[in-house]
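*Asks:* Can you make the complete structure from the sequences, with help from the hints?
Residue numbers (the working numbering), protein chains in the order written: chain A, 1 to 128; chain B, 1 to 272; chain C, 1 to 231.
Worth flagging that the hints you see were computed from the coordinates, not collected in a lab.
Calculated lysine-lysine pairs in the DSS-like style (CA-CA distance at most 25 Å, straight line): (1) B:267 <-> C:69; (2) B:78 <-> B:192; (3) B:78 <-> C:69; (4) C:69 <-> C:146; (5) C:69 <-> B:4; (6) C:146 <-> B:4; (7) B:7 <-> C:91; (8) C:91 <-> B:78; (9) B:192 <-> B:266; (10) C:7 <-> B:266; (11) B:7 <-> C:125; (12) B:266 <-> B:78; (13) C:217 <-> A:94; (14) C:146 <-> B:266; (15) B:267 <-> B:78; (16) B:78 <-> C:129; (17) B:4 <-> B:78; (18) B:7 <-> B:266; (19) C:129 <-> C:91; (20) B:4 <-> C:125; (21) C:125 <-> B:78; (22) C:69 <-> B:7; (23) C:69 <-> C:7; (24) C:91 <-> B:4; (25) C:7 <-> B:267; (26) B:192 <-> B:267; (27) B:266 <-> B:4; (28) C:230 <-> C:217; (29) C:69 <-> B:266; (30) B:7 <-> B:78.
Here are some, though not all, of the chain C residues that point toward chain A, as calculated from beta-carbon distances under 8 Å: (31) 170; (32) 171; (33) 191.
Now the stretches of chain C that chain B is said to cover, found in silico as 3 or more residues with beta-carbon under 8 Å: (34) 62-74; (35) 94-103.
All values reported here derive from a predicted model rather than from experimental measurement.
Just so you know, even glycine gets a beta-carbon here, dropped at the ideal spot from N, CA and C.
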Amino acid sequence: MQWQFSNDAPIYTQLIHQVKVGIVTGAFPPGERLPSVRDMATEAGVNPNTMQRALAELERDGLVYSQRTAGRFVTEDNTMINTAKRSLAERHVKTFLEAMLRLGFHRDEIIDLIQQELGEEETDHASA
Amino acid sequence: MLRKLIKHEFRATARIMLPMYLVLLITAVGSNLAGREMLDSRFDALNVLGVLVVMAFGFAVFGALVMSFVLMIQRFYKNLLQDEGYLMFTLPVSVHQHIWAKVIVSAVWFIATVLAVIGASLIVAYQGGFLREFLDFLRFFLEGFRKLKISEALNGTAVLAELAILMFLCLVAFSLQFYAALAAGHSQASHKMIWSVVCFFGFQFVLQFGGSMLMIGLNKLNLFDSLFFHWDPKPIVAIHVALLMSIGFTVLYGAIFYAVTVFCLKKHLNLE
Amino acid sequence: MPVLECKGLTKRFGRTTALDEAAITVEPGRIVGLLGPNGSGKTTLIKLANGLLTPDGGYIAVCGAAPGKESHSLVSYLPERTAIPVWMSAKQLMDFYGDFYQDFRRDTAEEMLARLNIRPGQTVKQMSKGTREKVQLIMVMSRAAKLYLLDEPIGGVDPATRDYILSTIIGNYNPEAAVVISTHLIADVEKVLDEVVFINQGRVVLQSTVDDIREEKGMSVDALFREVFKC
Numbered sequence: 001m002q003w004q005f006s007n008d009a010p011i012y013t014q015l016i017h018q019v020k021v022g023i024v025t026g027a028f029p030p031g032e033r034l035p036s037v038r039d040m041a042t043e044a045g046v047n048p049n050t051m052q053r054a055l056a057e058l059e060r061d062g063l064v065y066s067q068r069t070a071g072r073f074v075t076e077d078n079t080m081i082n083t084a085k086r087s088l089a090e091r092h093v094k095t096f097l098e099a100m101l102r103l104g105f106h107r108d109e110i111i112d113l114i115q116q117e118l119g120e121e122e123t124d125h126a127s128a
Numbered sequence: 001m002l003r004k005l006i007k008h009e010f011r012a013t014a015r016i017m018l019p020m021y022l023v024l025l026i027t028a029v030g031s032n033l034a035g036r037e038m039l040d041s042r043f044d045a046l047n048v049l050g051v052l053v054v055m056a057f058g059f060a061v062f063g064a065l066v067m068s069f070v071l072m073i074q075r076f077y078k079n080l081l082q083d084e085g086y087l088m089f090t091l092p093v094s095v096h097q098h099i100w101a102k103v104i105v106s107a108v109w110f111i112a113t114v115l116a117v118i119g120a121s122l123i124v125a126y127q128g129g130f131l132r133e134f135l136d137f138l139r140f141f142l143e144g145f146r147k148l149k150i151s152e153a154l155n156g157t158a159v160l161a162e163l164a165i166l167m168f169l170c171l172v173a174f175s176l177q178f179y180a181a182l183a184a185g186h187s188q189a190s191h192k193m194i195w196s197v198v199c200f201f202g203f204q205f206v207l208q209f210g211g212s213m214l215m216i217g218l219n220k221l222n223l224f225d226s227l228f229f230h231w232d233p234k235p236i237v238a239i240h241v242a243l244l245m246s247i248g249f250t251v252l253y254g255a256i257f258y259a260v261t262v263f264c265l266k267k268h269l270n271l272e
Numbered sequence: 001m002p003v004l005e006c007k008g009l010t011k012r013f014g015r016t017t018a019l020d021e022a023a024i025t026v027e028p029g030r031i032v033g034l035l036g037p038n039g040s041g042k043t044t045l046i047k048l049a050n051g052l053l054t055p056d057g058g059y060i061a062v063c064g065a066a067p068g069k070e071s072h073s074l075v076s077y078l079p080e081r082t083a084i085p086v087w088m089s090a091k092q093l094m095d096f097y098g099d100f101y102q103d104f105r106r107d108t109a110e111e112m113l114a115r116l117n118i119r120p121g122q123t124v125k126q127m128s129k130g131t132r133e134k135v136q137l138i139m140v141m142s143r144a145a146k147l148y149l150l151d152e153p154i155g156g157v158d159p160a161t162r163d164y165i166l167s168t169i170i171g172n173y174n175p176e177a178a179v180v181i182s183t184h185l186i187a188d189v190e191k192v193l194d195e196v197v198f199i200n201q202g203r204v205v206l207q208s209t210v211d212d213i214r215e216e217k218g219m220s221v222d223a224l225f226r227e228v229f230k231c
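*Replies:* Below, the structure is given as structure tokens:
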């Protein structure tokens, strides 16, 4: 897992986001036990209390659950993971659209551009 | 905790003093051999070697004596007032224990060094029959001492004990004067070493001035007259009185410097 | 009970006031950054908490008691300078710490030294400057103390050593104990901290949590620091 932080947002919200990405991409597979708070904090180079806070938040959302003594586990509920995946994707699309609109593109132009880009990718795949 | 401090203080100093004693032993044995064979030899080379070995012994004696003195100052300075002080003064140990550990260990090394030098000198002087002569001398000395004890009703053990105590206290007080000067000098914000030297001579001056005033004062009270002219004690009593008075003054002198050292280290410690 | 508390704490050196009515509270389980430019009073505050200086006014307490012999057994202190005697070997150093501090975990220290490939017989004199600092940190962090006072632990070391030091601090985290880190290199420690205390010219100008600063001001602590201490 690669941990990266920007300077403008609270660290715990960035941690929430990155653990979510980890779960969705399978770096933390469903049903798998998460490393201890201290180990995750050491790996990410962040304060253990901050990591604890982020995991508690994820727990409230249901993406992870804890068993009294065994530790914290990633949820096995695939619909929940898919929902998270979807919301992450929506967030990316939203920021993308905001940027495009700021550049002065219109809806149709944006769709064209995307289709063109996707087409190129397909030919790339075909030639490969 | 004092015991642990003393243990580690010995650990820190033994690595310097023990090799010093080893050099003393080797040069003493060498000098003994030199005295027997080399110095009277027909060969120049052996003569020269013999002289060098004897000189080396001289340096070793001088070195051991100087080293026990230098170490007394250097340990206090380096271990407590330099960077190591950050470690030492944050141990769960009181300032009193720090001072006692330093004082006791350096006094032990002073005594050990004197004994080592005496032992080494005996080795140098040793030759066939020496041991017998030496024992004869000791016996003669003890015999004289015994006669004195009988004729003057001298309690020899008491006098020797008083002498030993006095010597030990003198070493302690001597060390404390240096410690007080270093501690006071290092309470200053800068030029700590210069201040330490100034403090040392300042203390010396105050002490001598105070001592002289005390003597004059006592004299005015006609104490000495009553002691030495009207009072006619047996010599043995006079010895006791003199020794005990010396012990008293040494304790007073040491206590003053002890108090100065404690005050400076507790209230005005200012490590760089 | 706070692990470290001071109120109206004042220290003067001659005519300069090194610390001016400082008030700080550090609760157990917190990692607190004491941030300020050079000469702002960080070291003075840490020395006062260690009883290495005597305050001229105000109140300072470690675990409820004035700094002294008793508090020293609760506080693990990393001085700004290398204070471990250079003639000692790593083993002798562990003997020393083990003798004086009951909370010294020798096995932890041995493990950490082994991971750095430091032989027990190696003397401090034989070590490089960076290694000396690491060894000193290992001794300090191998204690199960209530309060760790780390004075400039990452000043003047290379980035790899910096990472090593910070991960050692995180790895040693204990909810009962608090850590105070003084530094002027904020960007490097920011993620490790719960709270920050800004100190300038002997005055405490801000005490806040890192995420509160980021949330409210929308900038990193480092950026805020640069703004507050702009020359």
